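We have chain L already, so just place chains P and C on it with the hints.
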Amino acid sequence: MPPPSSPLSRRRFLGLGAAAASGAALAACGGPAPGSSTSGGGSASLRMITPIFDRADGQKLLETLLAQFKKANPGVDVQPDYTSYGKLNEKLTTSIVGGQPYDVMLIGVGWIPPFAKKGVLGDLGTPAADLSRTYNPRVVQAGIWEGKTYARPIVLDTRLGIYRKDILSAAGITAPPKDLAELKDMAKQLTVRKGGTLQRAGVDILSNDLRQTFLPIMWAFGGDLFRDGKPAFDSPEAIDALQWMVDIVRTDKIEDYGFSSTSAVAAPLTQGRAAMAIGHNDLWRQFEEAKPELVKDDAVAGFTLAQARPAMFQGGTLATVAARSRYPQQARKLVEFLSSDQVAPQAAQQRGNIPAVLSAANSDYVRSDKLVGFAVQNLDHAFSEGGVPQWLEIRDQFKPALESALLGRTTPAKALQGLAEKAKAIMAKDS
Amino acid sequence: MSAEPLAARTRARDPLVARRLRRLALHLVLLVVSLAMVVPFVWMILTSVKTEGDLASYPPHLLPQHWRWSNYSTALSYAPFGQYSLNSAVIAVSHTALNLVLASMAGYALARVPFRGRNVLFLAVLATMMIPTYSKIVPQYLIAKGMPFFGGNDYLGRGGHGWLDSWWGLIVPGALTPFAIFLFRQFYLSLPTELEEAARIDGMSEFGIYARVMTPLVKPAIATVALLTFESSWNNFLWPLIVTTSPDKRVLQVGLSSFQQSDQNAWAYLMAGTTMATIPMVVLFLFTQRYFVQGFANAGIK
Amino acid sequence: MAAPATQLARSGRDDPPRTARLGAGPRARRGSGPRQSRLARDRRRTAYLMLAPATVHLVWWIGFPVAATFVLAFLHYDVLAGTATFAGLDNFRAIFADSTWNASIWHTVVFTFFTVPVAMAIAVVLAVLLNNKMRGRAWYRAAIFMPHITATVAIALVWMWMFEPRIGILNTALGWFGVKGPVWLGDPSWALFAVIMVSIWKGVGIKMLIYLAALQAMPQDVYEAAELDGASKARTFWSITLPLLKPATFFVLVVSIIDSFQAFDQLYVLTPDGGPANSTTVMTYEIYSKAFKEFQMGQAAAMSVVLFAFLLVLMLLSRRLTGREDDVR
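Protein chains in written order, with the working numbering: chain L, 4 to 434; chain P, 795 to 1096; chain C, 714 to 1042.
Please note: incorrect hints may appear among the correct ones.
[As the list claims (entries may be wrong)] For lysine-lysine, the following DSS-like pairs were computed, each having C-alpha atoms within a straight-line distance of at most 27 Å: (1) Lys425(L) <-> Lys168(L); (2) Lys121(L) <-> Lys946(C); (3) Lys90(L) <-> Lys1043(P).
[What the hints assert, rightly or not] Okay, the calculated beta carbon distance ranges per label pair: (4) Phe826(C) <-> Glu339(L): 55 to 63 Å; (5) Leu989(P) <-> Ala851(C): 49 to 57 Å; (6) Arg1084(P) <-> Arg1032(C): 26 to 34 Å; (7) Gln859(P) <-> Ser46(L): 49 to 57 Å.
Treat the hints as calculated values from the structure; they're not laboratory data.
Since this is a predicted model, take the numbers as computed values, not measurements.
The beta-carbon is built from N, C-alpha and C at its ideal position, and this holds for glycine as well.
Only chain L is shown next, with the shape it has when bound in the complex (with noise of 0.2 Å):
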């Protein structure tokens, strides 16, 4: 019965793979990976994951790209596989499990260092100077394992401080705050209630998933997620950035508890609920959609979180090359085209998002869309979050210790030093 026993007997065969993928990771012409025969420029069949064409008109236009893409490189034929980032462990796993990875996979920021580090990516060979030269420099970072180029950016996502400016300037407020500590004194002056119970809150920290809501807090306050390779957010400055959610919460009672969810049919700030938010940057459709006027008027903008220092979160969708790949040559192609200045832009429109590339920083869309436009400007400001091969199984122990401080069961040193415990034991038993 071979399937069912082959994790034993693949073992050998898996680490031919990995040891001819990092041999072929120097070779500018891309060593042939065992059993392929047609690694030279001529035709092949690539086989492509991806989780940000899903929708039916990002299903039309990778359509026409890829018609492109066989145009410029004839022979190569693309399948595409449409899966949404809510079922792609699943199609990844099955597929590296069953030792057939597709060949070239998109995938986000927190996969590269564990897909890097056990030989399921194929270096890219460029370096990352090379790079930075189309990319902003700390976009770039996210691909990079080891010194080694394993993904190169295609579409980018942010968490940043969004606020209605109709609503601050009826209150007489006529800039966003400059810092945290400024923000929570807008909130609660923005905060209104009625009997008890709360109708606005000066700002909603609730719509978003809660990990990526405390982490460009902590950033700001100067925290990190890993220092020297060790987890770091239970650091004094991520304590106070935890406790400056809690106090929201708990003590200022801007927001309760329950009050929005990341389920939430329409953000609180569609709904002039909310003053303030720290939000995706995609709530820019939500309001195109759903109140355009908000739009027409100028009445939402970004703005940064700082308080040590200026931090925005960013996320993202990278282009990857399987190690084990028939045909690395020709999925590196793809890879580049991809995430080419002509074509990652409109894979970013299509998505409400932000396209990678420096040359896409003046295009129409980008200026168009003020929170996408408001994310480009402040790329220099973005913190990313991974880093270390175990980051996708801890990242999973984030929500229930945050919200664990929020719901006042902890306080928000115990919850944070309980996590990096956890995330401690993670990393000591995987290395």
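Leaving out everything else, chains P and C in the frame of chain L:
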């Protein structure tokens, strides 16, 4: 039942009034329960015709401000839903047909033919019903990939992609459910022995007895297994998602999931799509329900 | 649907055919002449042939995966690197050192309690109510069964809106009675209960149908006798209906346990990432999360093994329940 004391008090005076009251109470209770059961569906349908502005309004309006029926056509244009529905239907019909044949045979053998190890086998069938999907999905994927002689595989199942992204992979693994075997067994178990013995004296083979004497008597079981198999196959999402890669083999539920985004859901379209996907199931149930509840009364008499 | 239950009810009453069959097993027939034994052999051969496709299918698609799971549970298996080494009991030690997993076992117990026995009790009551002849019965029946036939993901999203603390329909309704509803899905002490509510809502229809079927096949003469004796409705329910329903209960129990352990979608949609402060993680969710979010296949397999053990105990318990029933009769 809640009107019991009231009914008891009035009973002495006027039995007819008491009966009426009790009936009224019964209808009230059932009406409330039924409403509670269908409220989510009503909400789903109302949501499916709302505009984005309507969805975002606060406090929300129960009824759409503007009934945008075009959500349905927009949802349909999101993906080739015609193709997806056809795929789903082909798979669901195959699953239903295969399950009816395979499970009824197995259920009959387990119920009517004595052999050593029968109880152990039955217990094993029970056990297989209870294994959660996520415990077996990766090994099943590997098995599908390693099917010998298929998809470029050699005799040891190496080298190719096996049943991945093929109709084989979509249909065969789900073609038999242990639940159906269990259900058929319970049905066959209850049939009297007289008919079987009479047929045997007439010289009918065991398979003949199964096919021509006993199976016609378990029509309610057939209706039940057919509906439940069709429904679970139609609504299945994870396996078709994992095993297929090319768009032309995608099924309806996988298509619907494209309305769900990690960042933002296309709520109205998702609800419109789901409403459309649910209608065939509701129709199927309305048409078959008499077999479950009324049909079995006959089976009981036979 | 009702049929199996009905027949269970019947086989409880007049079990002789079944006992006769059991008695007439291979060994019993051996002495009764060559014709009989040839017949028995032929029947067995046919039975094996009829069982063969199903057995092969189950062994192939469920047996092997389960076996693989047992092997994996004792390995350090690195999915990404593709390496595996023997781990002894490491995976088991690791999962039981994890407070989230231990909590998930308790959540599973609570979840199972409400979605199996409690939901079954609700189903019996509904079935008894629907067993009255009245207008609109088919519509009530259909309404109660409806939730079962819809894909869970979308309808769970609708429930999410209904649970919305401020404007959701549930808290609005509670507000009419002057009750301030909880935050439901955001509150660790209510989230699991909310998910349980949806699960009961989804699963009660099929349980009800099975019970209804069993009820309709019940002998009317017993009820008539009870009515002549002047027994109250409640008393009739407790001393006649319930005992007669016991055989059907085995069937419903099995169906419910399956539903309960396969319940994943509603949990995943309503409380993504395990709910507030990990308050709704059940064992199946943890297995999913370990395997597909953290790529820890070995630990996920160890969790599956623990879950199998859990199920085995439940299975034996439910068998014991009905086994005793058979002895009594």
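Hint by hint, here is what the structure shows:
Distance hint between lysine 425(L) and lysine 168(L) is unfulfilled; the C-alpha atoms sit about 42 Å from each other, more than 27 Å. Distance check on the hinted pair: lysine 121(L) and lysine 946(C) sit about 69 Å apart at the alpha-carbon level, beyond 27 Å; violated. Restraint check for lysine 90(L) and lysine 1043(P): satisfied, since their Cα atoms lie roughly 17 Å apart, inside the 27 Å limit. For the hinted restraint 55 to 63 Å between phenylalanine 826(C) and glutamate 339(L), the CB-CB distance of approximately 57 Å keeps it satisfied.
Remark: the range hint 49 to 57 Å for leucine 989(P) to alanine 851(C) is contradicted by a beta-carbon distance near 31 Å. Distance hint for arginine 1084(P) and arginine 1032(C): a CB-CB separation of about 33 Å, consistent with the stated range 26 to 34 Å. Range check, glutamine 859(P) to serine 46(L): about 56 Å between beta-carbon atoms, so the 49 to 57 Å window is met.
In terms of the numbered hints stated before, the structure departs from hints 1, 2 and 5, listed from lowest to highest.
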